[in-house]
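Chemist: Kindly produce the complete structure, drawing on both the sequences and the hints.
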Amino acid sequence: MSINKANTHILPVEFKYYAPTSLDEALQLLSEHRGDSAILAGGTDLLVKMKQRLVEPRHVINIKHIGELSSIEERQDGIYIGAATKLRAVEKSEMIKEKVPVLQEAVRSIGSVQIRNMATIGGNLCNASPAADSAVALLALGSETIIASLEGLRDVRIEAFFTGPGTTALGKNELLAGLFVPYLPEGCGTSFMKTGRTSLDIATVNTATLVRLRNGVISECRIALGAVAPTPIRVWEAEGFLKGKKPSDEVLGEAARIAAECIRPITDIRATAEYRKEVSKALVMDSLARARKRGLKR
Amino acid sequence: MIVTRIELTLNGRKRRFDIEANELLLNLLHEKPHLTGTKYGCGIGMCGACTVLLDGEPVLSCLTLAADVDGREVRTIEGLAEGGKLDVVQQAFLEEGAVQCGFCTPGFILAAKALLKENPQPSEEEIREYLKGNSCRCTGYVNIVKAVKRAAEESK
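Listed in order, the protein sequences are those of chains A and B. Here the first sequence stands for residues 1 to 298, where the numbers follow my numbering. Here the second sequence stands for residues 1 to 156, where the numbers follow my numbering.
Incomplete in silico selection of chain A near chain B, CB under 8 Å: (1) 10; (2) 43; (3) 51; (4) 62; (5) 113; (6) 114; (7) 115; (8) 117; (9) 200.
These are calculated hints, taken from the structure and not from any lab test. Even for Gly, the Cβ is constructed at its ideal location relative to N, Cα and C.
Modeler: Below, the structure is given as structure tokens:
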């Protein structure tokens, strides 16, 4: 059913509601109602889908009241972010702004203040939209997801977390507990950029890039792109091309060309495949140039 | 359908309601205390007409479960005026003619209220950025921005 035909005034699905206050309690519920439940965090994706009857869970487990899932903590070599942390809290965190600014840039670009007051960082990932803004930033930062089940915790690299549009590495009895974002190495510059029809819109293409300069050459580089494949992706070919080269405009431009060639976007309501390829080239070029400039300043 | 009792502080008063699990905060506000100032616009989080303040922060009541506000504080447009006197933001909207059809107005006023609490003297750009989630189909944005500036000025 399309959104225009659904009565979005009501929630037509009947379910049992749970608001656990500990992770163990939530995992117990999830395991009990395996396959017939949904995790509710911000609700900005889930409730819209339920209004359209795209999903009709019989049990809804609200994880927002679990304190241990919504904290931002400084660790020795990086930052831990609980999955139920509101996007607005990520955006306002001084630690994130200072240590991993590209994540703040990406999160700030999502939706409106109201949406960011509700939506969570984990929800943005678990919704597994190929266009998720936080996902490309977390890809460029080499983040890890921490997945919880009654059996314990397991770490999954963010590249392996997304398995397709709307699907993730999460098993039916698992939930995303948090993220680990390593600090940027010395001499790194990063940048997030996106295009959309309006500033509130879902990205037509988004990208996050990281450039590390050592003795005038690129010693490390990461390029993440969103809305150009079934999942947000790293463009390894373009990254490999840049390694060891001097970051001239020509070299960055060639990397952007390679990136645009490697992607296989689709035509949908937001843009055609051809447009996405062209825009990706320009966006990656601009983002790499900005990351280079910021890297030189550090 | 299982009914649960929730208790919240609504516009400064403790209130109890019996709700169903799939009841939305917006519908609770309309149907039980008959507070119809909060508007239903798009229902999918794009328009901001249903904005209310939840523990002081603007959120969308059409995408919030009533069950989720148990124990929390909700403020709607009806809860802004005190002792029959309009809030400074409401008054500024009147003075600047920032109301055309009026449907988006409650959402705009509550969002502006939250903005001014966080940033008492915002620039025009900051106002526009903060109010990005509220749509006005009469496109009266110029006067809305003016009204927020006036409210900031008058709160100095």
